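**Q** The hints should help you fit chains B, C and D onto chain A, whose structure is shown.
Chains as they are written, first to last, in our numbering: chain A, 3 to 199; chain B, 3 to 199; chain C, 3 to 199; chain D, 3 to 199.
Keep in mind that the hints were calculated from the coordinates and are not lab data. These figures come from a predicted structure and were not determined experimentally. Each hint should be verified, as a subset may be incorrect.
One copy or two, it doesn't matter: identical chains are merged, so the pair holds either way.
Okay, derived cross-link-like pairs now, SDA-like style, lysine to any residue, Cα gap no bigger than 20 Å in a straight line [said to hold, decoys possible]:
(1) Lys176 x Ala46
(2) Lys176 x Asp32
(3) Lys176 x His107
(4) Lys176 x Ser128
(5) Lys176 x Leu191
(6) Lys176 x Gly37
4 protein chains.
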Amino acid sequence: MRTSRVEAFSDGVFGIAGTLLVLELRVPEDGTDLGRALIALWPAYAAYLVSFLTIGIIWVNHHALLEHCRHADRPFLYLNVLLLMSVAIVPFPTALVGHYILSEHGATAALLVYGLGALLIAIAFSGVFFYATGNARVIGDAAEARRLRQDGRLFPIGLVSYSLGIALAFFEPKASLAVYALTAAFYALPILPLPRR
Amino acid sequence: MRTSRVEAFSDGVFGIAGTLLVLELRVPEDGTDLGRALIALWPAYAAYLVSFLTIGIIWVNHHALLEHCRHADRPFLYLNVLLLMSVAIVPFPTALVGHYILSEHGATAALLVYGLGALLIAIAFSGVFFYATGNARVIGDAAEARRLRQDGRLFPIGLVSYSLGIALAFFEPKASLAVYALTAAFYALPILPLPRR
Amino acid sequence: MRTSRVEAFSDGVFGIAGTLLVLELRVPEDGTDLGRALIALWPAYAAYLVSFLTIGIIWVNHHALLEHCRHADRPFLYLNVLLLMSVAIVPFPTALVGHYILSEHGATAALLVYGLGALLIAIAFSGVFFYATGNARVIGDAAEARRLRQDGRLFPIGLVSYSLGIALAFFEPKASLAVYALTAAFYALPILPLPRR
Amino acid sequence: MRTSRVEAFSDGVFGIAGTLLVLELRVPEDGTDLGRALIALWPAYAAYLVSFLTIGIIWVNHHALLEHCRHADRPFLYLNVLLLMSVAIVPFPTALVGHYILSEHGATAALLVYGLGALLIAIAFSGVFFYATGNARVIGDAAEARRLRQDGRLFPIGLVSYSLGIALAFFEPKASLAVYALTAAFYALPILPLPRR
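Here chain A stands alone, though its shape is the one from the complex (with noise of 0.2 Å):
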């Protein structure tokens, strides 16, 4: 099966869950002063942030494993859903940081829960680049699929960075934040390549 509606849908969840991020910028309640009711809000922006680029972080990479892909199966598809599924809930652990990471006795669930998330999106991420590589007649070509999985061999350390993360949401939430950015910034740079199309 051609790979070009895999895209579609594809892209139709990676830009709705980050569009939906903006719902979690609540407009302060009336009375108030707005200015510093805005800028109280700053937890808010920051996960907006986080969580924004690294949806568009993953999704430069799934375009540029599909981009290689020809052929999709049905446990392709499967995989590609639960990736789907994971990237859809980005938006409750976002909503859950902007609330409580300020929060004393919250901060902590809150983290954790955001780096479960991060943590199933790369379990789902990987398992659809094994699926691939491994598997001579989705890239269509055994060569470069083994190249593929070759460049690709650092992927997994989301795999390691997130449980950090995690372990750290325990000590201090806001460094656990920050190795969750960081770790996108990681995904950002070119480890699988771009098709020279």
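**A** Using the frame of chain A, we list chains B, C and D on its own:
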């Protein structure tokens, strides 16, 4: 008419319906023990999981069916609109189930509505399927249409199992959700062949 | 300019506007009799039905029109943006109608706003239609443009029937919703031919 | 890499950001005079209008630019993600303006945030534009890249006029919204040529 734009519109609705589910995962109120409050949300996570996978699996089957279709005529388009209308409702029964499955007097009504929504999808998908495969022009090849209809003879099984789930909602609402999840799992089987392109 | 990206953007807005309608189906509060509360929501279901089908039918007609278009110029793009802006409003009047159709003093205002929204869509669609068919360059074939305009001579009937529905809103709000539903049903007729591809 | 998937993802975000604006049009509470309450919502309608048209016009210009692009590389993709992130924020300042433009102490802050959001979009779009036209590989033809950059020399005017609007927010918030609307109208002019395909 080409089917590519039918696919784009459908992918949009499938993707959005799936992603809107996350809006029903609500950030718990301040002042509570956040960790405990998040654990208490487990029925909402379960409902998210069942509904997202259901939508993802319907998308895969829709995809498989439309890959065999060459021409879309007006009845086909309207049947597809009815299918999308049913899929777009999913966030509502999902929220009901997430909210009421543990409630003593609400669980039956919630699972009943969930089952009715699922039944509506099964009826609409059957409509699209039988129209497409009963109509040489849509598939563009009478032999392939017959083969597809033969392959999809188990498709209407959802009509039976969703009805069963609805009946169960009156006695064991949680078992009812399990029946809905199992029905989705059944449809994940390779019933319709994917084209070998 | 090719029309394919016009279609992608339009499909996105149509799909999202349709799917956002579900957010107006709100989970009833705890502590009520859920079954009864869900039945009392019937005006919201009716409004969902009329609005989703209206959007679906507009999408089919938009689709039919754009299949005949070869080139999009700037005025065409802006007229299309105005159409999408009107379609994207639909969830608001739908929520109004679902909430107020049974209310004694709110029903007229709600149905009036619904009719104004529908009228706006009819005006914008007429704008796109007359611009495209009055302009040999958009269709790319003067004879086909003339034929299409001739085929679509009943298109502006919505301007009349939505105005009628608005007038009715002052006397019989429920009859007004019926007029809006019938207008959608009228547009489901095969007014514009689908290309025989 | 081909630019078609960049377009699909971008169209998704543009379409969703535009359509989410409607969620800020809130159904007035029961028990009020609905007609009067709906008229009192006019600032929200004005904000919807300005924001939807702004997004629609950015989409047309994005469309015009990408029609000239042949190859997307990683910096191009990330600049585009930054642009989409800015566009996806629009519903938040729109809601602020709709809610606070008539308020005595909130109007300045609301219009200031709206202007900052618009400025962010203008900066990000300039980034995409200058990267694409300064890079023979993205456009795929050095002469065409030079010509485009020459055509788009008025593009950064938004940086100036949005800054002006921000300054005005401190004295005349309503005039500030007018400046934002006029800036969008300026970008509706045919600055970038559409390819004659």
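**Q** Now tell me if each hint is right for this structure.
**A** Results for each hint:
1. Lys176 x Ala46: within (13 Å within a copy, 27 Å between copies)
2. Lys176 x Asp32: between (30 Å within a copy, 19 Å between copies)
3. Lys176 x His107: So Lys176 and His107 pass the 20 Å test inside one copy only (13 Å; across, 33 Å).
4. Lys176 x Ser128: neither (27 Å within a copy, 33 Å between copies)
5. Lys176 x Leu191: Neither: 24 Å inside a chain and 44 Å across chains, both beyond 20 Å.
6. Lys176 x Gly37: Close across copies (17 Å), not inside one copy (24 Å); limit 20 Å.
Checked against the numbered hints listed earlier, the structure breaks hints 4, 5; every other hint is satisfied.
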